[in-house]
Amino acid sequence: MKRREYMKFKKENKNIKEIDKYKIRRYALKIFITFIFSIFIANAGVVFLQEYYIDRAFPISSLIIEYLLGSILLIIALFPVFYFLFYRPLVHQKNKKFEKQMFYMQKDFSQRLIQNSSAAIFVINMNHKVIIWNKACENLTGIKAKDIIGTDEQWKAFYDQKRPCMLDLVVDDSLNKFPILYSYCSKSNITPEGLHIESWYSNIGGKKRYLIAECSPVYDEVNNLIAGIETLQDVSEEKIAEEKLLENEQLFRNTFEQVAVGVLHVGLDGKLLRVNQKFCDIVGYTVDELLNMKFKDITRPDYIEGDLEHAHMLLNNEIENYTAEEKYICKDGSEVWVNLTVSVGKNISGEPQYFIAIVEDISKRKLMEHTMEEKNMKIQNELELASKVQRELLPKNLPNTNNVIFAWEFWPSVFMAGDMFNIFQINEENVGFYILDVMGHGLQAALKAVTINYFLKPTNFSGFNTKFNTVGDMYNICSPSETLNFLNEKFNYENDDGGFFTTFYGILNTKSLEMTYAKAGHCAPIVVTTDGNIIELDKGGPSVGLSKKINFKDYTIKLNPRDKVFLYTDGVIESKSPNGEAFSKKRFIESILSKREENIGTTVNKIVEEVVIHVGKQEIDDDVTLFGIQILD
1 MKRREYMKFK
11 KENKNIKEID
21 KYKIRRYALK
31 IFITFIFSIF
41 IANAGVVFLQ
51 EYYIDRAFPI
61 SSLIIEYLLG
71 SILLIIALFP
81 VFYFLFYRPL
91 VHQKNKKFEK
101 QMFYMQKDFS
111 QRLIQNSSAA
121 IFVINMNHKV
131 IIWNKACENL
141 TGIKAKDIIG
151 TDEQWKAFYD
161 QKRPCMLDLV
171 VDDSLNKFPI
181 LYSYCSKSNI
191 TPEGLHIESW
201 YSNIGGKKRY
211 LIAECSPVYD
221 EVNNLIAGIE
231 TLQDVSEEKI
241 AEEKLLENEQ
251 LFRNTFEQVA
261 VGVLHVGLDG
271 KLLRVNQKFC
281 DIVGYTVDEL
291 LNMKFKDITR
301 PDYIEGDLEH
311 AHMLLNNEIE
321 NYTAEEKYIC
331 KDGSEVWVNL
341 TVSVGKNISG
351 EPQYFIAIVE
361 DISKRKLMEH
371 TMEEKNMKIQ
381 NELELASKVQ
391 RELLPKNLPN
401 TNNVIFAWEF
411 WPSVFMAGDM
421 FNIFQINEEN
431 VGFYILDVMG
441 HGLQAALKAV
451 TINYFLKPTN
461 FSGFNTKFNT
471 VGDMYNICSP
481 SETLNFLNEK
491 FNYENDDGGF
501 FTTFYGILNT
511 KSLEMTYAKA
521 GHCAPIVVTT
531 DGNIIELDKG
541 GPSVGLSKKI
551 NFKDYTIKLN
561 PRDKVFLYTD
571 GVIESKSPNG
581 EAFSKKRFIE
591 SILSKREENI
601 GTTVNKIVEE
611 VVIHVGKQEI
621 DDDVTLFGIQ
631 ILD
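For the sequence shown, my numbering begins at 1 and goes up steadily by one.
The set of hints was computed from the structure by calculation and includes no laboratory data. There may be inaccurate statements among the hints.
As the list claims (entries may be wrong) - With a Cα cut of at most 30 Å, we get these calculated DSBU-like pairs of lysine-lysine:
hint: 1; residue 1: K296; residue 2: K244
hint: 2; residue 1: K162; residue 2: K146
hint: 3; residue 1: K396; residue 2: K606
hint: 4; residue 1: K244; residue 2: K187
hint: 5; residue 1: K617; residue 2: K585
hint: 6; residue 1: K207; residue 2: K135
hint: 7; residue 1: K396; residue 2: K457
hint: 8; residue 1: K366; residue 2: K294
hint: 9; residue 1: K296; residue 2: K331
hint: 10; residue 1: K548; residue 2: K457
hint: 11; residue 1: K327; residue 2: K294
hint: 12; residue 1: K156; residue 2: K239
hint: 13; residue 1: K135; residue 2: K208
hint: 14; residue 1: K617; residue 2: K558
hint: 15; residue 1: K548; residue 2: K576
hint: 16; residue 1: K553; residue 2: K539
hint: 17; residue 1: K539; residue 2: K490
hint: 18; residue 1: K366; residue 2: K278
hint: 19; residue 1: K558; residue 2: K511
hint: 20; residue 1: K331; residue 2: K366
hint: 21; residue 1: K162; residue 2: K135
hint: 22; residue 1: K457; residue 2: K490
hint: 23; residue 1: K595; residue 2: K585
hint: 24; residue 1: K548; residue 2: K490
hint: 25; residue 1: K606; residue 2: K457
hint: 26; residue 1: K396; residue 2: K511
hint: 27; residue 1: K490; residue 2: K549
hint: 28; residue 1: K271; residue 2: K296
hint: 29; residue 1: K187; residue 2: K239
hint: 30; residue 1: K271; residue 2: K331
hint: 31; residue 1: K294; residue 2: K364
hint: 32; residue 1: K346; residue 2: K294
hint: 33; residue 1: K490; residue 2: K553
hint: 34; residue 1: K208; residue 2: K187
To be verified - Have a look at the derived ranges for each label pair, beta carbon to beta carbon:
hint: 35; residue 1: S343; residue 2: K586; range: 47 to 57 Å
hint: 36; residue 1: M293; residue 2: E610; range: 53 to 63 Å
hint: 37; residue 1: R300; residue 2: D621; range: 39 to 49 Å
Cβ coordinates follow ideal geometry from the N, Cα and C atoms, glycine included.
Whole structure, please, built from the sequences with the hints as guidance.
Listed below in structure tokens is the structure:
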């Protein structure tokens, strides 16, 4: 089989056959010359010895000696002939056999090398027939080697119609045609006679692929063109990534230049590396001027130390970015307020390369903030004044009774509060009191609380008889339920702005120690008896203002000496700590019981202090009001 392959190879390559004929003729001529020369030397040697030595030294046996010497010289003379006729052809035959073995080994190695190469490779002969189509080429094109070897249909791997492939041009030595057929080709940098191409192909193995191809001629030992080889490399993913990178770079450039804030890259040495036009507009410099400056040149000196400290923290990975408001110095010497956000740009190894700064002009915002601060200060002063007026409405002179004492604490959430309460003497035996909480907080709630307080204040000239019913010269006390029903009619949501309020209104007879009350949606007051029991006054109706159909009722409770009554707003039990935990009604009751032996003033004061400590330094969400009554022995 190998012999036939070798002979076929010699037949296809006539130049090798001519080389063999030339070697045979040259070898025969060497043998002929060597034989003639050997005979001449042998004869000359015999004549020389006979003339000068043999006849003189051995006259009797000269014939025998001549025969022996002639034979020896003839053997010596024929030794080159023997060498060329027998020994050298034998060695040559062995060498030729070795060369054939090496040829087959090299051919087999070359084929295995091509077949197992990760690159797609195919080879065509001078007749444009495919003689090699490796596995990688099969995987790339989807065409099996058995279907294409021996044919000239290599074009099917690349095109829909028959046309010369680049390798066909190389085999035909028609490189002058490639600009016409392949305008996107170029001469190969690997072999001068080869071609190089990089291009997208619409259908390579059923997919759109970007291929890099190298086509090279194959020469024999006497530089005759015998075949062509083409190497294909699929770099579609790399090309897509490259195009995506270019797209991202273009997107970055467009964003960098068109973004509505200033963007700049600052070197680790502080030099400005890149700036966009918006930043130029902020500081008034041109791009060229800024690229010859450092960030210190445009930063007001009192901000530089802080920037350097933050930059050091960024480089040490202590922080990912930082934001600061500072002033930059413009080209004309003016100063501009900017909001600065800085991070670090790193390479693929994570090493810092430069700083990325986003600069926003906040001059208008700062001017607006300054204006707002002035207005807020004015409003704050007015609210403080209004708050003082509101506090003037709180009870100052508590009723003077021998067997009942009162105490209260008030902590507003803002300058003006929606909580309100009062204690007033109705007559010698009766003391009236109420506590209310208007929905919402701040100015609106406070104004409504003041208005309600005006209607409830104890005067005969209020226009709203909350204290007396006049019958001739006699005065009857209005019951708590009558008062709440009148308020509900006056402040109903249909007539008002929709804001409702809760309240507890009570009248205490200091002689009988009976307390009559009406409740409208307010927190149930807590009564602590002498034996430590807890009674919640939870009977009552909904909040005032929800509906005209509400009819509030009176309820009565008999108090005993040493009993205590606590009226409060929801701000007491709903005030939250910094972690969001409410003070809670349970804790409120526990605090009351723990101070059962103390007087009412001390108890009220300490409970409010506990709420303040619970809330901490944060602002409270609601007003805190606590009002206490204690029956003495």
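Going through the hints against the structure:
1. For the given pair, K296 sits about 37 Å from K244 by alpha-carbon distance, which is inconsistent with the 30 Å threshold.
2. Our distance criterion of 30 Å between C-alpha atoms is met by K162 and K146, whose separation comes to about 20 Å.
3. With a C-alpha separation of about 20 Å, the suggested pairing of K396 with K606 holds against the 30 Å cut-off.
4. Only pairs whose Cα atoms come within 30 Å are accepted, and K244 paired with K187 is accepted, the gap being roughly 28 Å.
5. For the hint linking K617 to K585, the alpha-carbon distance of about 22 Å falls within 30 Å, and the restraint holds.
6. For the suggested pair K207 and K135, the alpha carbons sit about 18 Å apart, so the restraint of at most 30 Å is met.
7. Distance check on the hinted pair: K396 and K457 sit about 13 Å apart at the alpha-carbon level, within 30 Å; holds.
8. In summary, the hint linking K366 to K294 is supported, as the alpha carbons are separated by about 26 Å, within the 30 Å threshold.
9. Simply put, K296 and K331 have alpha-carbon atoms about 13 Å apart, close enough for the 30 Å limit, and the pair holds.
10. Pair hint K548 plus K457 holds up; C-alpha atoms about 23 Å apart against a cutoff of 30 Å.
11. Distance restraint check for K327 and K294: the Cα-Cα separation of roughly 15 Å lies within the 30 Å cut-off, and the hinted pair is therefore satisfied.
12. Distance check on the hinted pair: K156 and K239 sit about 24 Å apart at the alpha-carbon level, within 30 Å; holds.
13. Between K135 and K208, the direct Cα distance comes to roughly 20 Å. Compliance with the 30 Å bound is thereby established for this hinted pair.
14. Of the pairs offered as hints, the one joining K617 and K558 is violated, with about 41 Å between alpha carbons and a cut-off of 30 Å exceeded.
15. Between K548 and K576, the direct Cα distance comes to roughly 35 Å. Violation of the 30 Å bound is thereby established for this hinted pair.
16. As the CA atoms of K553 and K539 are separated by approximately 9 Å, the hinted pair is consistent with the 30 Å bound.
17. Distance check on the hinted pair: K539 and K490 sit about 23 Å apart at the alpha-carbon level, within 30 Å; holds.
18. Between K366 and K278 the CA atoms are separated by roughly 19 Å; this keeps the pair inside 30 Å, and the hint holds.
19. A C-alpha spacing of about 11 Å is found between K558 and K511, which places the hinted pair at or below 30 Å, so the restraint holds.
20. The suggested pairing of K331 with K366 holds, with an alpha-carbon distance near 21 Å, which does not exceed 30 Å.
21. A distance of roughly 23 Å separates the Cα atoms of K162 and K135; the hinted pair therefore holds under the 30 Å criterion.
22. Between K457 and K490, the direct Cα distance comes to roughly 16 Å. Compliance with the 30 Å bound is thereby established for this hinted pair.
23. Simply put, K595 and K585 have alpha-carbon atoms about 16 Å apart, close enough for the 30 Å limit, and the pair holds.
24. For a cut-off of 30 Å, the pair hint linking K548 to K490 stands: about 9 Å separates their Cα positions.
25. Restraint check: the Cα-Cα separation between K606 and K457 comes to about 29 Å, which is no more than 30 Å; the hinted pair holds.
26. With a CA separation close to 23 Å, the supplied pair K396 and K511 stays within the 30 Å bound.
27. Using a Cα cut-off of 30 Å, the hinted pair K490 and K549 holds, with the two alpha carbons roughly 13 Å apart.
28. For a cut-off of 30 Å, the pair hint linking K271 to K296 stands: about 9 Å separates their Cα positions.
29. With a C-alpha separation of about 21 Å, the suggested pair K187 and K239 falls inside the 30 Å cut-off, and the hint holds.
30. Restraint check: the Cα-Cα separation between K271 and K331 comes to about 17 Å, which is no more than 30 Å; the hinted pair holds.
31. The suggested pairing of K294 with K364 holds, with an alpha-carbon distance near 26 Å, which does not exceed 30 Å.
32. Restraint check for K346 and K294: the C-alpha separation of about 20 Å stays at or below 30 Å, so the hint holds.
33. About 17 Å separates the Cα atoms of K490 and K553, which keeps this hinted pair within 30 Å; it holds.
34. The hinted pair formed by K208 and K187 meets the criterion: a straight-line CA distance of about 25 Å does not exceed 30 Å.
35. Checked against the hint of 47 to 57 Å, the C-beta distance between S343 and K586 comes to roughly 49 Å, which is consistent with it.
36. For M293 paired with E610, a C-beta distance near 60 Å keeps the hint of 53 to 63 Å intact.
37. A C-beta distance of roughly 40 Å is found between R300 and D621, which places it inside the suggested range of 39 to 49 Å.
Taken one by one, the earlier hints fail for this structure at numbers 1, 14, 15, listed in ascending order.
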